[in-house]
Amino acid sequence: MPVVTFDIDDLMSLISHEVPVETLLERIPQLGADIHSWDSKTGELSIEFFPDRPDLYSVEGAARALRNFLKFEKGLTHYEVTESDVRLIIDDSVKDIRPYMVAGIVKDITMSDELIRSLMELQEKLHLTMGRKRAKVSIGIHDMDRISSPFTYKAVKPHSVTFIPLAMSESMDLQEILEKHEKGRDYAYILEGKDRYPLLVDNDDQILSFPPIINGTLTTVTEATTEVFIDVTGTDMDAITGALNIVSAAMAERGGKLYSVKVIDQQDMMMPDLEPKKWRINIDEANSLLGTSLDGQGMSEALEKMGYDASPDGQYLNVLAPATRLDLIHPVDVIEDIAKGFGYENFGTTLPKEVTFGELGKDQRALDASRQLMVGYGFLEVTTLMLSSPQEQFEKMRLQPVETVEILNPISEDHTCLRVSLVPSIMAVLRRNKHRDLPQRLFEVGDVMNGCKRRKHIAGAAITSRTSFTEVKSLVESIMRDMSVQYEIIPSSLTCYIEGRGANVIVDGENIGSFGELHPAVITAFELGYPITVFELDLNILTRGKLDHIA
Amino acid sequence: MNSAEILAGLSANESRLLLSLDCLNGKATPEQVFEEGDFAQLVEVMNAGSWLQAKGAVIISEISRKIYSIKDESIIERGLPERKAINILSSKGGVADMNDLAAQMPKDEISIALGWLRRKGLATISKKDGKTILHLTDSGIASVDKQTPDELLLEQLLRGEMSEDLVDKNIIAALRSRQDLVDEKVIVTRTIELTDLGREIISMGLEVKDEVAQLTPELIQTGKWKDVEFRRYDVRTFAPAIYPGKKHPLTRIADEIRSIFVDMGFTEIDEEYVQPAFWNMDALFTPQDHPARELQDTFYLKHPCRIDLEDEEIIERVCAMHETGGDTESRGWGYEWCREESEKALLRTHTTVNTIRYLWNNPNPPVKVFSLSKVFRKEAIDATHLPEFTQVEGIVMEEGASFDMLCGIIKEFYHRMGFKNVRFRPGYFPYVEPGLEVEVEFKGSWLELGGAGVFRPEVTAPFGVDYPVLAWGMGFERLAMLRWGLKDLRDLYVSDVDMLRTSPIL
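Respectively, the protein sequence lines represent chains A and B. All residue numbers for the first sequence refer to my numbering, where the first residue is 1 and numbers rise by one. All residue numbers for the second sequence refer to my numbering, where the first residue is 1 and numbers rise by one.
Hints were generated in silico from the structure; no laboratory data involved. One or more of the hints may lead you astray.
[To be verified] Below are the DSS-like pairs computed for lysine-lysine, each with C-alpha atoms no more than 27 Å apart in a straight line:
id : chain 1 : residue 1 : chain 2 : residue 2
1  : B       : Lys302    : A       : Lys453
2  : A       : Lys194    : A       : Lys157
3  : B       : Lys302    : A       : Lys456
4  : A       : Lys456    : B       : Lys378
5  : A       : Lys353    : B       : Lys420
6  : B       : Lys378    : A       : Lys453
7  : B       : Lys411    : A       : Lys353
8  : B       : Lys378    : A       : Lys340
9  : B       : Lys487    : A       : Lys434
10 : B       : Lys209    : A       : Lys136
11 : B       : Lys487    : A       : Lys340
12 : A       : Lys456    : A       : Lys473
13 : A       : Lys133    : B       : Lys378
14 : B       : Lys378    : A       : Lys125
15 : A       : Lys95     : A       : Lys107
Construct the entire structure; sequences and hints are all you get.
Spelled out as structure tokens, the structure:
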């Protein structure tokens, strides 16, 4: 989740009220965020916001929400957008490349250190989260001083134009930027396979930017900048207009005046569109979902604390939501804000009313019974990982590989498949414990894979200076007796055992597992130096038909 | 233990030893005690001594001494090589040529003789006209008729072994440096001495009782037990540790959680680890471009790489939900849903797969189910991350289910786990709304220990579920780490056997 770092003085001045830091630290989580860290020396407050609330990724947005939540202000903040004659033409050529661009203008803005820092961080967080690393949304901010309307967003051949990108001193063509510029290399993946690249130019064909890669130096924003042009490109119209709203609103919070841009696309649009979004909430449904008994007035007050305007209208609540709230896609999203405004500390007064009867999972009795037995034999239980590797499962065990569930993107060579057998996992535990006192007797009951399906196995291993086939045979026969299983023991051809010292267990003509003395090559493959006997049996078959009844 | 307790618990041999020592003026070697005749074997004296020392009634001190003896008597009987040389030189008037010596002595002894003559200062060796000439010195002449000090010592040793305090250190060292001449062995002498406590016990009227240590079948069956006295044991004395077989700490805590759920009327459910993305993601309204679906977060499979989806009607409804919000009030994600993406095979990343598949087959209330099972996420292994771990998840769906009820049941659940103070704050989980995070008070501070929420209508509507589905969950290993005070997750899955042996059950 995105962590945003604020300067406490800047935050306080934007809240425009004195609030003790302790109160902030206590209230911010109740608004919906985690305090990541607070450093009273540097005055830096880091907050982890939830990924559905990009409107809070700036100190301006967070301050706005806190002014409401701490009741310094009530209801919706209105942002005025004055119409201007600036136009942005969307050329058809971008439709197959990166189809959408919207834009807005902010005038009379003072580019203070705080604002520049905040805008950079906001831009970065938006790119990373809702922007999906710029693939879905990318934002450019330009000084308007040296450019003139109308602007055109178009797609051009990679080598057809050159300009000086930010952080460079020489002109480069678009392909060169993708290959040589740091940002070009980072984001080239977005344009992979395209024969033309997006470009934003002004009336005189001056290049503002090469979205979503880099701006040109022509429009670099400096402390002297008073008028900015914000462009947002992307693949999702809702996402880019939302991002434009969030950036515009943040700058308006700093005293900037918003002006619109006429975006000329298949249909014309005036951007940014900060008109509040209307929602109609059924009061009964909201109470029923929350388990509350609030009236329309109470719900309105809760919503006003969360930055909405709301007024009761019979059984309904007419709600105006900020245009920066991109997370609202269903009435339940507004209802959650009623809960937050009402206060999470007030919930938890009822319990389920229907009578139900609890029951353990169907395998639990089998697992419990096996554990009881193995503990009785003096074995210690281990619980090991499902992730394993063919080396561990087959090679070290001197066994023929069988089909496994294979991971496409494993974290390491040791975790490339799901196990088909428990014994190698137990051997890995013995390996870790090779310096511990012997004897060690370990068992596990748990999952192995049979194709794509889980099966329960029971397995054990004993390592001592003198261990014998008879010992493990006695153990297996005792398990069979205690689980009331009729069985037959026949010589095993499994090569993990010393020849002539491995046995298969047959139940109803089916091979359900094996036991024996491990071959020295297996023991040394697991870096061990003492004799080991093991067994592994299919627990589902051992307990088949015995778990459903008491009498 | 006070002296009366010690007195009462003394064995017959311990009493015997104390009394013997008393007779031997309070201090004796075990051999001396043994000679008194009260003990059947020497080893019994030492055993009793060790026990008494543990009780503080005696002190056993050890002195080790070196004892020297002749290794090979024949060498001495033949005479040392340098003695032979002196005799030859003396017969030649104190001066002789090397060749004279060589004519009268075994070859292998000549160089030995020369070496020692020089070292002992008995003769000088010089070269003259290409000849090697030996001259007896004054002390060489003096020793013609008199034994040298080392010869004297050897003669003494021939009569019997000698302790290190009776021999000259330098002489014995020189002799030890020669082959096959003198043997050294170390002898430890122990002395048992009464302490003040020992004397006090004796003065309290100590007597040797004929006591039985071991109760035998014979004593019981013959009735002899009536006539004997059983020795009292020191019940405080050391007994070796034994370790039973045990369930793993994770199993034990899982059992406890399962029983809390069952007591609260919940039924356990589980499903396969291998799932198509559809059940793990799409059915839970996770958009197809969500970061959690990327290769860096989720384990996708090479084999099988895709899985057929089962229920065309459900697929259609889920697709509509993603694209437009279906027939709910939702706007959906507003993109084109891709079936191929949802058929990708993966290892489930949460137990919510169990829940949604259960609701698919059981859409009618009441539903109270839980999962306690493994999930997989692409995490590199370190002290706080594992690529597979266990999730606990509880689900309630009934008429009248609400967010308030969710908070209520979570409180009850956590109370039953022993957390008295539970509080909530807003939380975000993609498939629930409203969502919350659970915090519990643990050892004086608030700890985040789980998340919860009401399933979004976009999740439940395709399955025909008409009532709110309340869900809460938590990481199970974290609970186990808190419980057992562990710092490293890996200890739970590749456990230290000693940790398992000694981990307390309660």
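Structure-based check of all given hints:
Note on B:Lys302 and A:Lys453: the hinted pairing holds, with a Cα-Cα distance of about 16 Å set against a maximum of 27 Å. Using a Cα cut-off of 27 Å, the hinted pair A:Lys194 and A:Lys157 holds, with the two alpha carbons roughly 10 Å apart. Our distance criterion of 27 Å between C-alpha atoms is met by B:Lys302 and A:Lys456, whose separation comes to about 24 Å. Restraint check for A:Lys456 and B:Lys378: the C-alpha separation of about 24 Å stays at or below 27 Å, so the hint holds.
Restraint check: the Cα-Cα separation between A:Lys353 and B:Lys420 comes to about 23 Å, which is no more than 27 Å; the hinted pair holds. For the suggested pair B:Lys378 and A:Lys453, the alpha carbons sit about 21 Å apart, so the restraint of at most 27 Å is met. With a C-alpha separation of about 16 Å, the suggested pairing of B:Lys411 with A:Lys353 holds against the 27 Å cut-off. With a C-alpha separation of about 33 Å, the suggested pairing of B:Lys378 with A:Lys340 is violated against the 27 Å cut-off.
Distance check on the hinted pair: B:Lys487 and A:Lys434 sit about 22 Å apart at the alpha-carbon level, within 27 Å; holds. With a C-alpha separation of about 96 Å, the suggested pair B:Lys209 and A:Lys136 falls outside the 27 Å cut-off, and the hint is violated. With a C-alpha separation of about 35 Å, the suggested pairing of B:Lys487 with A:Lys340 is violated against the 27 Å cut-off. Of the pairs offered as hints, the one joining A:Lys456 and A:Lys473 holds, with about 21 Å between alpha carbons and a cut-off of 27 Å not exceeded.
For the hint pairing A:Lys133 with B:Lys378, the CA-to-CA distance comes to about 20 Å; that is within 27 Å, so the pair holds. Between B:Lys378 and A:Lys125 the alpha-carbon distance is near 23 Å, which keeps this suggested pair within the 27 Å criterion. Pair hint A:Lys95 plus A:Lys107 does not hold up; C-alpha atoms about 30 Å apart against a cutoff of 27 Å.
Comparing the model with each numbered hint stated earlier shows that hints 8, 10, 11, 15 do not hold.
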